[in-house]
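Using the sequences plus the hints, can you model the full thing?
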Amino acid sequence: MIQSLLQLGFSKDKIIIHSDVTLLEDLHLKRIHFKENDTTAFTYKEAHPDICVSMSTHDVETVKRCYENGLDSVFFGHIFPTSSHPNVPPRSKEAIQQALNVPIPIYAIGGINEHSLQKMPPGFKGICAISYFNNASLEEIKQLRKEWSTHA
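By UniProt numbering, the letter at position 137 of the sequence shown is numbered 137, and the numbering carries on one by one without gaps.
Among the clues, some could well be false.
[Said to hold, decoys possible] 27 angstroms max Cα-Cα, derived BS3-like pairs, lysine-lysine:
| no. | residue 1 | residue 2 |
| --- | --- | --- |
| 1 | K146 | K119 |
| 2 | K146 | K125 |
| 3 | K14 | K146 |
| 4 | K35 | K64 |
| 5 | K119 | K35 |
[Said to hold, decoys possible] Have a look at the derived ranges for each label pair, beta carbon to beta carbon:
| no. | residue 1 | residue 2 | range |
| --- | --- | --- | --- |
| 6 | S11 | S149 | 27 to 33 angstroms |
| 7 | R145 | P121 | 15 to 21 angstroms |
| 8 | G9 | E61 | 39 to 45 angstroms |
| 9 | Q98 | L6 | 20 to 26 angstroms |
Just so you know, these hints were derived from the structure itself, not from any lab.
Cβ coordinates follow ideal geometry from the N, Cα and C atoms, glycine included.
If you want it as structure tokens, here you go:
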């Protein structure tokens, strides 16, 4: 699938590999994301400072650890109720603010769509909306991007 995207002219800079270091290196990509508490992220970033490394986080302590270990950004959430984590409450306003006080770019994740975006607390670098992006039309995605640019 990645090769197909590249053949269609999709920018390598927009492709983020999840945890597969071998795939990242084989395709000469520059962005990799790790699940929470996967310390491979820290050792990989230290060995490859030119690679953009991010990690999923769910609490301020993990956000701080990512910052202290030199990661480039974190995904923090979930911000709103989401089918990915049924019966798990979203992060509290206090937890969100504590995370946003850490000086690392933070991308909001969890339950983000055209409706919840209006309730998004300020301070996030960007958004991750996996379910939304999988189900929305290109026009809907463009509209969400436009709304985000006026919100941010």
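Results of checking the hints against the structure:
no. : hint                            : verdict
1   : K146 x K119                     : 16 angstroms, holds
2   : K146 x K125                     : 15 angstroms, holds
3   : K14 x K146                      : 18 angstroms, holds
4   : K35 x K64                       : 15 angstroms, holds
5   : K119 x K35                      : 26 angstroms, holds
6   : S11 x S149: 27 to 33 angstroms  : 19 angstroms, violated
7   : R145 x P121: 15 to 21 angstroms : 19 angstroms, holds
8   : G9 x E61: 39 to 45 angstroms    : 41 angstroms, holds
9   : Q98 x L6: 20 to 26 angstroms    : 39 angstroms, violated
Hint compliance for this structure: hints 6 and 9 are not met, and every other hint is.
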